[in-house]
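Undergrad: Protein chains in written order, with this note's numbering: chain H, 1 to 264; chain C, 1 to 270; chain Y, 1 to 326.
Please keep in mind that the hints were generated in silico from the structure rather than gathered at the bench.
Some hints here could point you the wrong way.
What the hints assert, rightly or not - Far from chain H by the CB rule (all over 12 Å, computed), these chain Y residues:
| # | residue |
| --- | --- |
| 1 | 11 |
| 2 | 30 |
| 3 | 52 |
| 4 | 65 |
| 5 | 76 |
| 6 | 98 |
| 7 | 107 |
| 8 | 123 |
| 9 | 164 |
| 10 | 208 |
| 11 | 281 |
| 12 | 287 |
| 13 | 301 |
| 14 | 318 |
As the list claims (entries may be wrong) - Chain H is nowhere near these chain C residues, computed Cβ spacing over 12 Å in every case:
| # | residue |
| --- | --- |
| 15 | 36 |
| 16 | 48 |
| 17 | 226 |
Stated by the list, open to error - Facing chain H, from chain C, some residues (calculated, C-beta under 8 Å):
| # | residue |
| --- | --- |
| 18 | 10 |
| 19 | 26 |
| 20 | 77 |
| 21 | 84 |
| 22 | 105 |
| 23 | 115 |
| 24 | 117 |
| 25 | 185 |
| 26 | 228 |
| 27 | 233 |
| 28 | 236 |
| 29 | 237 |
| 30 | 239 |
| 31 | 252 |
| 32 | 256 |
Quantities reported herein were computed from a predicted structural model and do not represent experimental measurements.
Heads up, the beta-carbon is just placed ideally off N, CA and C, and yes, glycines get one too.
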Amino acid sequence: MLVWSRRGRALLWTVFALVFVPVVLAPLAVLVLAAVAGSWNGVLPTGYTTGHLGDALAGEQVASLSVSLQTAFLAGIGAVIVGVWGALAVREAPPAARRIADAAMHLPIAVPSVVVGLGLLTAFSRPPIALNGTMWLVVIAHFVLVLAFAYSTVSAALERTDPAYAQVAASLGASPMRVLWRVRVPMLMPAVSAAASLSLALSMGEVGATIMVYPASWRPLSVTIFTLTDRGKVFLASAETVVLLATTVVILVGLGVATRRGRR
Amino acid sequence: MSHPWRRTPWLLPPLLLIAGFFLYPLYFVVRESLTADSAPGVTLATWQRVLTSGRFLDALGSTVTISLAATVGCVVLGTFFATVLAFVPFPGAGLVTRLVDTLLAFPSFLIALAFTFLYGSAGIVNTALGGSAVGDFLYSPWCVIAAEITFYTPFVMRPLLAAYSHVPREQLDVAASLGARPGRVFARIVLPEALPALAAGGCLTLLLTLNEFGIVLFIGAKDVTTLPMLVHSYGVVTFDLPAACVVAVIQVALSSALYAVYRRTFHKGR
Amino acid sequence: MTAAIGLRDVTVHYGRTEALSAFSIDVAVGETVALLGPSGSGKSTALKAVAGFLRPSAGSVLLAGRDVTHAPPRERGIGVVVQQYALFPHMKVKDNVAFGLAAMGRADRRARVAEVLDLVGMAAYAGRYPRELSGGQQQRVAIARALAIRPPVLLLDEPLSALDASLRAEMVGELQRLKRELPDTAVLYVTHDQTEALALADRIAVMRDARLVDVDATEELYHRPPSAFTASFLGAANLIPREGGELLVVRPHQVAVAAAGTPGGRAARVTGVQWRGSTYRVTCALDADGTEVRADVASLDGLPGVGETATVLVPTVGEGATVVRV
Ligand SMILES: Nc1ncnc2c1ncn2[C@@H]1O[C@H](COP(=O)(O)OP(=O)(O)O)[C@@H](O)[C@H]1O
Ligand SMILES: [Mg+2]
Chain H
1 MLVWSRRGRA
11 LLWTVFALVF
21 VPVVLAPLAV
31 LVLAAVAGSW
41 NGVLPTGYTT
51 GHLGDALAGE
61 QVASLSVSLQ
71 TAFLAGIGAV
81 IVGVWGALAV
91 REAPPAARRI
101 ADAAMHLPIA
111 VPSVVVGLGL
121 LTAFSRPPIA
131 LNGTMWLVVI
141 AHFVLVLAFA
151 YSTVSAALER
161 TDPAYAQVAA
171 SLGASPMRVL
181 WRVRVPMLMP
191 AVSAAASLSL
201 ALSMGEVGAT
211 IMVYPASWRP
221 LSVTIFTLTD
231 RGKVFLASAE
241 TVVLLATTVV
251 ILVGLGVATR
261 RGRR
Chain C
1 MSHPWRRTPW
11 LLPPLLLIAG
21 FFLYPLYFVV
31 RESLTADSAP
41 GVTLATWQRV
51 LTSGRFLDAL
61 GSTVTISLAA
71 TVGCVVLGTF
81 FATVLAFVPF
91 PGAGLVTRLV
101 DTLLAFPSFL
111 IALAFTFLYG
121 SAGIVNTALG
131 GSAVGDFLYS
141 PWCVIAAEIT
151 FYTPFVMRPL
161 LAAYSHVPRE
171 QLDVAASLGA
181 RPGRVFARIV
191 LPEALPALAA
201 GGCLTLLLTL
211 NEFGIVLFIG
221 AKDVTTLPML
231 VHSYGVVTFD
241 LPAACVVAVI
251 QVALSSALYA
261 VYRRTFHKGR
Chain Y
1 MTAAIGLRDV
11 TVHYGRTEAL
21 SAFSIDVAVG
31 ETVALLGPSG
41 SGKSTALKAV
51 AGFLRPSAGS
61 VLLAGRDVTH
71 APPRERGIGV
81 VVQQYALFPH
91 MKVKDNVAFG
101 LAAMGRADRR
111 ARVAEVLDLV
121 GMAAYAGRYP
131 RELSGGQQQR
141 VAIARALAIR
151 PPVLLLDEPL
161 SALDASLRAE
171 MVGELQRLKR
181 ELPDTAVLYV
191 THDQTEALAL
201 ADRIAVMRDA
211 RLVDVDATEE
221 LYHRPPSAFT
231 ASFLGAANLI
241 PREGGELLVV
251 RPHQVAVAAA
261 GTPGGRAARV
271 TGVQWRGSTY
281 RVTCALDADG
291 TEVRADVASL
301 DGLPGVGETA
311 TVLVPTVGEG
321 ATVVRV
């Protein structure tokens with residue numbers, strides 16, 4: 001305890017509430033309110049409706065949600081596999097190679113997503129590899145952007161793992177492959193699950209690179225939300241955002257439960 | 001373990017993917033920036049045109065000021081929030097911490113969207129205070145700064161809370177029992193322990209706000225253009241690809257320099 | 001007979017630091033050798049060199065006469081128990097123990113797992129996960145896992161350091177029993193605790209600053225320590241300077257304290273008294289040169305109190321004291 005007096009604590013908590021509520025809580029609450037607002041002329045909505053949420057789960061919008069899910073799934077799986085592979089390989093490499101490779105794997109974090117999108121657009125809009133107008137440019141963009149985070153999560157966990165586990169397994173006669181599959185990867189599962197969750201969440205909300213490369217036939221939800229906002233359909237956009245967040249949270253909770261089951 | 005160099009080839013697949021999908025496109029960005037519609041071959045014409053345009057200089061200025069201001073705000077607010085949550089916890093502090101963690105995984109544009117309801121001309125604040133109490137706040141740089149502070153404060157709080165968890169509670173109790181006032185305990189015991197984490201969080205926030213795009217795009221203020229916005233509008237709105245690439249190269253240089261400093265300072269152990 | 005383990009001038013570097021310096025030792029078949037030394041003296045490093053977890057920058061490692069210096073751990077067939085046990089957290093006890101038995105048939109494997117779990121008294125816990133076991137139980141499972149592959153060589157790195165004092169005493173007894181049941185297994189036992197080394201080892205190798213200081217049969221080393229460091233580390237001996245640059249080695253229980261002026265002793269002053277249950281430890285400073293001498297006495301009756309002058313009675317070389325050079 002840092003503050004002992006009752007008055008001091010009460011004062012501190014009041015200030016905390018006065019800052020935290022408008023800065024952090026209010027935006028989230030407002031968004032949810034807007035999603036169910038029928039009309040909004042006063043301080044609070046004057047009527048409530050599930051109409052926007054209904055629209056958000058119909059037609060074009062639901063197709064967009066499905067595009068987002070497929071993109072997040074493809075990019076996430078790829079990023080987790082490559083991230084785990086990279087983390088294990090970097091860990092085994094000699095110090096010099098290790099430093100360079102670690103920096104390279106982290107590099108996309110430093111670059112704005114719009115630039116990643118622009119790069120893919122310039123590089124893959126011409127032979128030998130022309131991917132413009134296909135879903136693959138979107139998937140690749142998301143893969144590049146979430147890979148660094150997946151790698152970072154797994155490699156931090158690997159850093160914390162005692163090398164004694166792998167050493168003991170080897171001394172019991174296990175081949176490097178067996179050590180990898182029976183000991184190292186299973187012990188990394190919590191980090192893998194965390195990396196998958198993070199990848200998925202980031203991919204679902206990605207706009208910068210997506211807006212640079214998406215074709216009309218493959219429009220993720222985040223871009224749809226922007227288009228709606230741009231056209232002034234802010235209530236539907238809010239409802240769509242709530243759908244996006246809810247879907248993400250449901251999948252994350254599911255992933256968490258599955259991981260815990262798997263460990264038991 | 002035994003033959004380190006023999007294991008190095010395992011690095012190749014992930015590094016090739018990074019090279020193919022990240023470095024190769026960046027190379028094309030640089031190459032494209034050296035072309036111009038007006039002149040064939042390699043030319044600095046586009047660089048000259050962009051660097052001397054008021055639009056670019058404005059964008060560079062506002063990108064840097066917005067991100068500096070937002071970072072300062074995040075560091076101040078984040079330190080306050082984290083300190084209260086860790087050392088003067090109230091019932092439900094755990095829940096708040098979890099909410100903050102969740103916020104990290106949310107897309108930034110949701111804050112911008114919420115701000116239009118809060119601070120728009122017919123928004124809640126205006127309605128509550130009557131008339132146009134906040135004026136054109138929504139379309140000013142201040143609004144972008146406020147939105148970025150809201151969104152990025154958790155990025156400062158998380159490393160700070162992790163560092164705080166290493167401060168032994170007994171130390172605070174002993175200091176208090178020796179008669180030190182809360183402010184002194186904070187300055188002498190808590191802050192020194194947390195300073196590296198605070199610096200790391202601040203540095204990361206500076207980088208992320210420099211690169212922020214979603215918030216600026218969604219608020220859509222005409223007078224607030226940042227470098228990522230400029231890349232977007234040159235690239236897919238006016239289809240001036242060479243100009244977009246020039247801005248992108250400058251942005252990448254800026255961000256990677258900052259990232260290099262960040263890694264050198266905070267990843268020495270690696 | 002060829003030694004089960006042989007280290008020949010093994011040197012190990014971690015970057016610039018030399019963690020093991022030209023270290024040589026042999027462990028015979030069926031013998032237990034304790035590596036004893038303060039923390040950071042290179043004991044674990046020596047053990048890891050035998051297990052193959054690191055590669056020496058010089059010297060060679062022999063197992064039953066075969067040079068394995070460059071062989072990976074899995075080709076060495078050694079049982080290893082590390083400090084924190086490293087039980088695989090995602091596997092049940094029986095799967096941990098069966099891990100090294102992949103080449104066996106199913107039935108044989110199951111029988112072997114049951115056998116070693118029985119040996120360490122953990123048969124009832126086969127279906128548990130490591131996190132559901134106490135520290136002592138985890139330690140038994142770690143030993144069972146190492147023994148399952150019938151290793152000719154067993155390496156134990158401070159196996160009792162994670163346990164509390166009473167459990168440690170009990171486990172020393174367990175390890176003594178195990179040793180009797182495995183008469184052909186060579187054991188290298190790393191510890192910084194002299195009581196474990198004295199109770200378990202046939203021979204003790206004392207280490208300090210990456211080097212071997214002394215190695216000898218346990219009793220011999222205890223009663224006739226060849227160096228001052230070994231004498232003080234093993235049995236907390238008093239080192240009293242003699243003429244000719246020599247030190248007299250005297251255990252606390254061999255020293256007597258009497259009233260000042262008692263003939264045949266050395267004048268001193270009592271600087272402290274500690275009650276240790278069965279004995280009192282009286283600390284004195286010799287008047288001659290200030291050397292601190294510790295004596296264990298059964299009773300304080302008739303002895304001077306703290307701060308008073310006293311006489312310290314030290315046995316001579318003929319009476320059980322030994323001598324080392326400085
Ligand atoms: N992985 C390592 N990297 C660098 N130095 C190490 C490492 N492991 C041990 N050392 C150093 O080597 C020396 C011997 O360590 P160790 O063999 O673990 O000692 P002990 O087991 O006797 O406590 C110590 O000085 C220690 O700091
Ligand atoms: Mg050790």
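Undergrad: Determine for every hint whether it applies to the structure shown.
TA: Now for the hints, and whether the structure bears them out:
Every Cβ of chain H is farther than 12 Å from the Cβ of residue 11 of chain Y; the closest lies at roughly 20 Å, confirming the non-interface assignment. Against the 12 Å criterion, residue 30 of chain Y stays outside the reach of chain H, whose nearest CB is about 21 Å from its own CB. With a least beta-carbon separation of about 7 Å from chain H, residue 52 of chain Y fails to lie farther than 12 Å from that chain, contradicting its non-interface assignment. With a least CB separation of 20 Å from chain H, residue 65 of chain Y remains clear of the 12 Å interface cut-off, as annotated.
The beta carbon of residue 76 of chain Y is not kept farther than 12 Å from every beta carbon of chain H, the shortest such distance being approximately 7 Å. Once the 12 Å rule is applied to beta carbons, residue 98 of chain Y is inconsistent with being away from chain H; the minimum gap is 10 Å. For residue 107 of chain Y, the shortest C-beta to C-beta distance to chain H comes to about 19 Å, beyond the 12 Å cut-off, and the non-interface label holds. Against chain H, the non-interface label of residue 123 of chain Y holds: every CB pair exceeds 12 Å, the least being about 20 Å.
Listed as outside the interface, residue 164 of chain Y is consistent with that label: its C-beta sits roughly 22 Å from the nearest C-beta of chain H, beyond the 12 Å cut-off. Even its closest Cβ contact with chain H, about 25 Å, leaves residue 208 of chain Y beyond 12 Å, as expected for a residue assigned away from the interface. At roughly 39 Å from the closest C-beta of chain H, the C-beta of residue 281 of chain Y stays outside 12 Å, upholding its exclusion from the interface. Residue 287 of chain Y, annotated as away from the interface, keeps every beta carbon of chain H farther than 12 Å; the closest lies near 53 Å.
Against the 12 Å criterion, residue 301 of chain Y stays outside the reach of chain H, whose nearest CB is about 52 Å from its own CB. Every CB of chain H is more than 12 Å from the CB of residue 318 of chain Y (nearest about 50 Å), matching its label as outside the interface. Listed as outside the interface, residue 36 of chain C is consistent with that label: its C-beta sits roughly 15 Å from the nearest C-beta of chain H, beyond the 12 Å cut-off. Every CB of chain H is more than 12 Å from the CB of residue 48 of chain C (nearest about 20 Å), matching its label as outside the interface.
With 12 Å as the threshold on Cβ separation, the claim that residue 226 of chain C sits away from chain H is violated: the shortest Cβ distance comes to roughly 9 Å. Restraint check, residue 10 of chain C versus chain H: the minimum CB separation of about 4 Å is within 8 Å; hint holds. Interface hint status for residue 26 of chain C: upheld, as the beta-carbon distance to the closest one in chain H is roughly 5 Å, under 8 Å. With its C-beta approaching chain H no nearer than about 7 Å, residue 77 of chain C sits inside the 8 Å limit, and its interface hint holds.
With a least beta-carbon distance of about 5 Å to chain H, the hint placing residue 84 of chain C at the interface is held under the 8 Å criterion. Annotation: residue 105 of chain C was flagged as interfacial toward chain H, and the flag holds, the nearest CB pair being 4 Å apart, inside 8 Å. For residue 115 of chain C, the interface hint holds, since its Cβ comes within 8 Å of a Cβ in chain H; the closest pair sits about 7 Å apart. With its C-beta approaching chain H no nearer than about 5 Å, residue 117 of chain C sits inside the 8 Å limit, and its interface hint holds.
Proximity of residue 185 of chain C to chain H holds as hinted, the smallest CB-CB distance being about 6 Å (cut-off 8 Å). Because the closest C-beta pair between residue 228 of chain C and chain H is about 4 Å apart, less than 8 Å, the hint holds. This hint is violated: residue 233 of chain C has a C-beta 10 Å from the nearest C-beta of chain H, more than the 8 Å allowed. Checking residue 236 of chain C against chain H: minimum C-beta separation of about 6 Å stays under 8 Å; hint holds.
Below 8 Å, beta-carbon pairs count as interface contacts, and residue 237 of chain C has none with chain H, the closest being about 10 Å; its hint is therefore violated. A hinted interface residue such as residue 239 of chain C counts as satisfied when its beta carbon comes closer than 8 Å to some beta carbon of chain H; here the least separation is about 11 Å, so the hint is violated. Interface restraint check: residue 252 of chain C against chain H, minimum CB-CB distance 6 Å, threshold 8 Å, status holds. Because the beta carbon of residue 256 of chain C sits about 5 Å from the nearest beta carbon in chain H, less than 8 Å, this interface hint is met.
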